Amino acid sequence: MSVQNLNTFDPFADEGDPLGSTQDVGSQQNYIHIRIQQRNGRKTLTTLQGLPKEYDAKKLLKAFKKEFACNGTLVDDEEAGQVIQLQGDQRLKISTFLTEEGIAKNTIKIHGF
Amino acid sequence: MAEEPMFDPSLKKRKKKTVAFSEDPLGAEADPTTPAPVVIDDTTTNGEAVDMGPKTMHEQMKQNGDAGAEDGAEERKEDDDFKAMFGDLKKKKKKKDIPMDLPEDNSGTSTPVTVPAATEDLDFSDLKKKKKSSKKKAALDMEAFEKELNEAKAKDADEEEGGVEGPAEVDEAELGDDPFARNEATVSMDAGNEPWLNSDRDYTYQELLHRFYVQLHASNPALLNSTVKRYTIAPPQMLREGNKKTIFANVSDICKRMHRQPEHVIQYMFAEMGTTGSVDGSGRLIIKGRFQQKQIEHVLRRYIVEYVTCKTCKSPDTLLSKENRIFFMSCESCGSRRSVATIKTGFQAQVGRRSKNKTG
Numbered sequence: 000m001s002v003q004n005l006n007t008f009d010p011f012a013d014e015g016d017p018l019g020s021t022q023d024v025g026s027q028q029n030y031i032h033i034r035i036q037q038r039n040g041r042k043t044l045t046t047l048q049g050l051p052k053e054y055d056a057k058k059l060l061k062a063f064k065k066e067f068a069c070n071g072t073l074v075d076d077e078e079a080g081q082v083i084q085l086q087g088d089q090r091l092k093i094s095t096f097l098t099e100e101g102i103a104k105n106t107i108k109i110h111g112f
Numbered sequence: 000m001a002e003e004p005m006f007d008p009s010l011k012k013r014k015k016k017t018v019a020f021s022e023d024p025l026g027a028e029a030d031p032t033t034p035a036p037v038v039i040d041d042t043t044t045n046g047e048a049v050d051m052g053p054k055t056m057h058e059q060m061k062q063n064g065d066a067g068a069e070d071g072a073e074e075r076k077e078d079d080d081f082k083a084m085f086g087d088l089k090k091k092k093k094k095k096d097i098p099m100d101l102p103e104d105n106s107g108t109s110t111p112v113t114v115p116a117a118t119e120d121l122d123f124s125d126l127k128k129k130k131k132s133s134k135k136k137a138a139l140d141m142e143a144f145e146k147e148l149n150e151a152k153a154k155d156a157d158e159e160e161g162g163v164e165g166p167a168e169v170d171e172a173e174l175g176d177d178p179f180a181r182n183e184a185t186v187s188m189d190a191g192n193e194p195w196l197n198s199d200r201d202y203t204y205q206e207l208l209h210r211f212y213v214q215l216h217a218s219n220p221a222l223l224n225s226t227v228k229r230y231t232i233a234p235p236q237m238l239r240e241g242n243k244k245t246i247f248a249n250v251s252d253i254c255k256r257m258h259r260q261p262e263h264v265i266q267y268m269f270a271e272m273g274t275t276g277s278v279d280g281s282g283r284l285i286i287k288g289r290f291q292q293k294q295i296e297h298v299l300r301r302y303i304v305e306y307v308t309c310k311t312c313k314s315p316d317t318l319l320s321k322e323n324r325i326f327f328m329s330c331e332s333c334g335s336r337r338s339v340a341t342i343k344t345g346f347q348a349q350v351g352r353r354s355k356n357k358t359g
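Chains as they are written, first to last, in numbering that gives the first Met the number 0: chain A, 0 to 112; chain B, 0 to 359.
Heads up, some of the hints might be wrong.
[Stated by the list, open to error] Reference listing, derived: stretches of chain B covered by chain A, where coverage requires no fewer than 3 residues with Cβ under 8 Å from a Cβ of chain A:
hint	region
1	264 to 276
2	294 to 304
3	333 to 347
Source of the hints: derived by calculation from the structure; they are not laboratory data.
Quick caveat: nothing in here was measured; it's all calculated off a predicted structure.
No residue lacks a Cβ here, since even glycine has one placed at the ideal position from N, Cα and C.
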């Protein structure tokens, strides 16, 4: 029979600081941001930033373009990484598309007006 | 009135259930017309309208209490509050269906309490019809909750002005996505006639929770007075400057109202809307791009949710202070303190001409 006090295993050891490992505590790192930008006239641009690595942005872009019937490109940004850029206001469509594909809704943040 | 005899027996047996149900379909219909009870109560006083005030107050308080227990519901409430904040903008939208729903609405507020038999019959015959039109139980429960909220709001609005503005917004609050069904939450049951006394089934969490609130409010009537105060902000005044710029005239007023630095608000707005701008000599904000009032309003609403209201107690009396590059929001009324997200602009796509200093 083992005496708990003599155990070498320390139940508190492995836990550590739950936030210690992550670089930026309290940042919106793992959110998917969907933003909108105004262009000239009634035109707008939708950007999708912060897509998790396991999704292929290129394939997703292709699906978006087909689904929403709009054009779009993949932009490489120093800070934001790969950003999908679509023509027109596709924010809600993107959000529903992603949620239907199994991305949790609370990780998606829709910005803009 | 033909349904009334077959409806009655079940009514006597399980009073609570039927009442709960009858209120729900009501909520579905009476939702947009919440000003009705407030405006009409005085005019169509038929017996129960007199004691309706305190009862509904009680109900509403209970609702608030329940909402406190469940996050999602609370979120919704908060949403509503913010919608109500700008309520006066859309006053005219919903007025037309007030008159036809009046009787139902009236009954709806009185059903949870012990109703005189005569009115009960009337109401239920009405309600039965409504029941068919309503679809899902979960949705219904939400609706009932919404309705309670509206009542609360209508009450507040009544105190302030007109009593028309608050509820007009409610249908805008997104309804369907609430995961938990709030069954039996709106029913008031007196201590002693709990439904599980007659059967040997287990009591549900909802019932116990409800019982708790009933007893809490029975023993502490003072709690009833602490209803949510509505947090109002003047609607943003938008002007167009030329073709491509928008002037947000009353930024400073709104910032003062929210007790926030205009810089912070402006920074948030620019980050959210993906644009830039400046403040002119008279304190107005000039935003690049065309924006409508409701768009700005939407952004402001989100700002308030994120940076003004206390996440714990929903009170807008908060202070924002900066420590070590992190903003902290401390609540004046409950004393909670939490860090808030930093404002980040995120990716900005190249729009229009390329700037000259950027090559490529």
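Results for each hint:
Note: the region 264 to 276 of chain B has 5 residues with beta-carbon separation from chain A under 8 Å; the three-residue rule is met and the coverage holds. A stretch counts as covered by a chain when three or more of its residues have a beta carbon under 8 Å from one of that chain; for the region 294 to 304 of chain B and chain A the count is 4, and the coverage holds. Counting residues of the region 333 to 347 of chain B whose beta carbon lies closer than 8 Å to any beta carbon of chain A gives 7, which meets the minimum of three for the stated coverage.
In summary, this structure violates none of the numbered hints.
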